[in-house]
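K.L.:
With the hints as your guide, set chain B with the ligand onto chain A.
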Amino acid sequence: MHELSIAMSIVEMAEEESERRGGVHVSAVHLKLGALSGVVEQALLSSFEMAAEDTSLQGARLLIENIPVRVFCPKCSSERQLTSIQNFSCPVCGAPTPQITCGRELEVTALEIIQ
Amino acid sequence: MTEPRLVEVRKNVLKQNDVIARALRERFHQAGVFVVSLVSSPGSGKTAFLEKTLTMMRPHHRVAALVGDLATENDAARLARSNAPVKQIITGTVCHLDAAMVENALQDWDLVDLDFLFIENVGNLVCPSSYDLGEDLRLVLMSVTEGEDKPLKYPTIFNSADVAILSKLDLATAVEFNWDQAQRSIQSVRPGMMVINTSAKTEQGMSEFCDFLVQRSRMRAAIAV
Ligand SMILES: [Zn+2]
Chain A
406 MHELSIAMSI VEMAEEESER RGGVHVSAVH LKLGALSGVV EQALLSSFEM
456 AAEDTSLQGA RLLIENIPVR VFCPKCSSER QLTSIQNFSC PVCGAPTPQI
506 TCGRELEVTA LEIIQ
Chain B
2 MTEPRLVEVR KNVLKQNDVI ARALRERFHQ AGVFVVSLVS SPGSGKTAFL
52 EKTLTMMRPH HRVAALVGDL ATENDAARLA RSNAPVKQII TGTVCHLDAA
102 MVENALQDWD LVDLDFLFIE NVGNLVCPSS YDLGEDLRLV LMSVTEGEDK
152 PLKYPTIFNS ADVAILSKLD LATAVEFNWD QAQRSIQSVR PGMMVINTSA
202 KTEQGMSEFC DFLVQRSRMR AAIAV
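As given, the protein sequences belong to chains A and B, one line each in that order.
So the first sequence is numbered by this note's numbering: it starts at 406 and just counts up by one.
So the second sequence is numbered by this note's numbering: it starts at 2 and just counts up by one.
No lab work stands behind these hints, which were simulated from the structure alone.
Worth double-checking, as some hints may not be accurate.
[Unchecked claim] With a straight-line cut-off of 20 Å between C-alpha atoms, the simulated PhoX-like cross-links for lysine-lysine are:
no. : chain 1 : residue 1 : chain 2 : residue 2
1   : B       : Lys-53    : B       : Lys-88
2   : B       : Lys-202   : B       : Lys-53
3   : A       : Lys-437   : B       : Lys-16
4   : A       : Lys-437   : B       : Lys-12
Looking at chain A on its own, in the form it has when it is part of the complex:
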């Protein structure tokens, strides 16, 4: 399980950002989580709670936006959303779609702060 070390990085990032802004209180962290990030949402949520304990982030919420995998279909010449990460083929025409356009995200996008 590597979610704890990832949660600790998220807490660290939020703390740095809070300090940079003069020690504002962070009440929530917004995170984009791709289906191919290799991170399990539930494990990350409970790890975040643990990682935030005894830091200025204690009690802050982690708000996760799940990002599905999108691929480029060479046959349709369009971007498509995969229905399952077990099946990298175009949901419209069935062509194999190795080219990923998004879905690997593991990104802090915003913080909710209280001044």
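P.N.:
Relative to the frame of chain A, chain B with the ligand by itself:
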């Protein structure tokens, strides 16, 4: 109490790892060493496969290996039997290698003395997928004893790898391994993925695999110039 205010940040959580990995990749390229990482489940025959690879390549190339071992393991000792330089990275309870661990392990090695560096990750098909180690080629290894649907159970790691190695092919008949079904599973999670059939025991596919690495390293050298 005032209402919370939303401020945009946009920061990749693994940025620190990615920065180190990028620096490592540049160092590897400058030193002319081709770096291959291996991921697999525990018990997939990864260490036997790597030991055979090191033994077969060592007479012709300067090879070395880094091995990620949990506190309870000692794959490094097995690999050292190949007489290639081997260094153990004890990860303790951490289930994956990261770029900083690789960087630390390489501190007293002169990379220009190497042609190929192998990095054996901790036996785990989940956690290693998120961490770039600066490698040129990531291999995912699965043995015929693990079942044809292994890639469907771990699509993320198969998708993050460049080449799939089927190991323990000598046992294929005994376990009634269905090669076509395994191939379909692999292609479903990573269309176009190259699959190499091997057995460290009978040496089936091993010299082809070594030739493939040499060819890939030459391709990279040509691009680097
Ligand atoms: Zn299509």
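K.L.:
If a hint holds in the structure, say so; if it does not, say that too.
P.N.:
Comparing the hints with the structure gives:
About 17 Å separates the Cα atoms of B/Lys-53 and B/Lys-88, which keeps this hinted pair within 20 Å; it holds. Only pairs whose Cα atoms come within 20 Å are accepted, and B/Lys-202 paired with B/Lys-53 is accepted, the gap being roughly 9 Å. Between the alpha carbons of A/Lys-437 and B/Lys-16 the distance comes to roughly 14 Å, so the proposed pair stays at or under 20 Å and holds. Only pairs whose Cα atoms come within 20 Å are accepted, and A/Lys-437 paired with B/Lys-12 is accepted, the gap being roughly 10 Å.
In this structure, none of the earlier numbered hints is contradicted; all agree with it.
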